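**Q** Sequence:
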Amino acid sequence: LVRRIGRRPLLGWGGIISALALVLVALGAASMEPKTLLLGICTFILVYVATWGNGYWVVVTEITAPGGPDYGASCQAAATATMFAAGWVT
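Using my numbering, the first residue of the sequence shown is number 1, and each one after it goes up by one.
Hints in this document: simulated from the structure, not taken from any laboratory.
One should not assume that every hint holds.
[Unchecked claim] Derived CB-CB ranges, DEER-like:
| hint | residue 1 | residue 2 | range |
| --- | --- | --- | --- |
| 1 | R4 | A30 | 20 to 28 Å |
| 2 | S74 | G53 | 18 to 26 Å |
| 3 | T61 | P34 | 37 to 45 Å |
| 4 | A30 | R7 | 29 to 37 Å |
| 5 | A29 | A65 | 14 to 22 Å |
From a predicted model like this one, the values you see are computed outputs, not experimental measurements.
Note that the Cβ used here is the ideal one computed from N, Cα and C, for glycine as well.
Construct the complete structure from the given sequences, taking the supplied hints into account.
**A** Following this line, the structure appears as C-alpha cells:
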C-alpha cells in the first residue's frame, strides 16, 4: 500500500479520515446513537491500521537506515522505545 500510494498521501489522507472518524465517534457519543458511534469506531480502526499503523514503521526504517549497521539498529530501537513510551503516557 505504501509503494502504491506513497508515504505522504497515505499518511495525510489517513490522518484526515481518522480525524473525521473521531468526529463521528464524538457525535455518536453526544447524541447517544450507538450505530453512529460504532460506525465511527470501526472506521477509525480500519483507516488507522491501513495507514498510520504500518506507515510509521516504514518511515522509521527509512529514516534510520542511512545510519548503516553501526547506528541503524540502535536508532530504530530508540524510536520504537519512544513510541511505546508515548503510548503508555497517552
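**Q** Could you work out which of the previously given hints the structure breaks and list their numbers from low to high?
**A** Numbers 1 and 5 - these are the hints that the structure violates, sorted from lowest upward.
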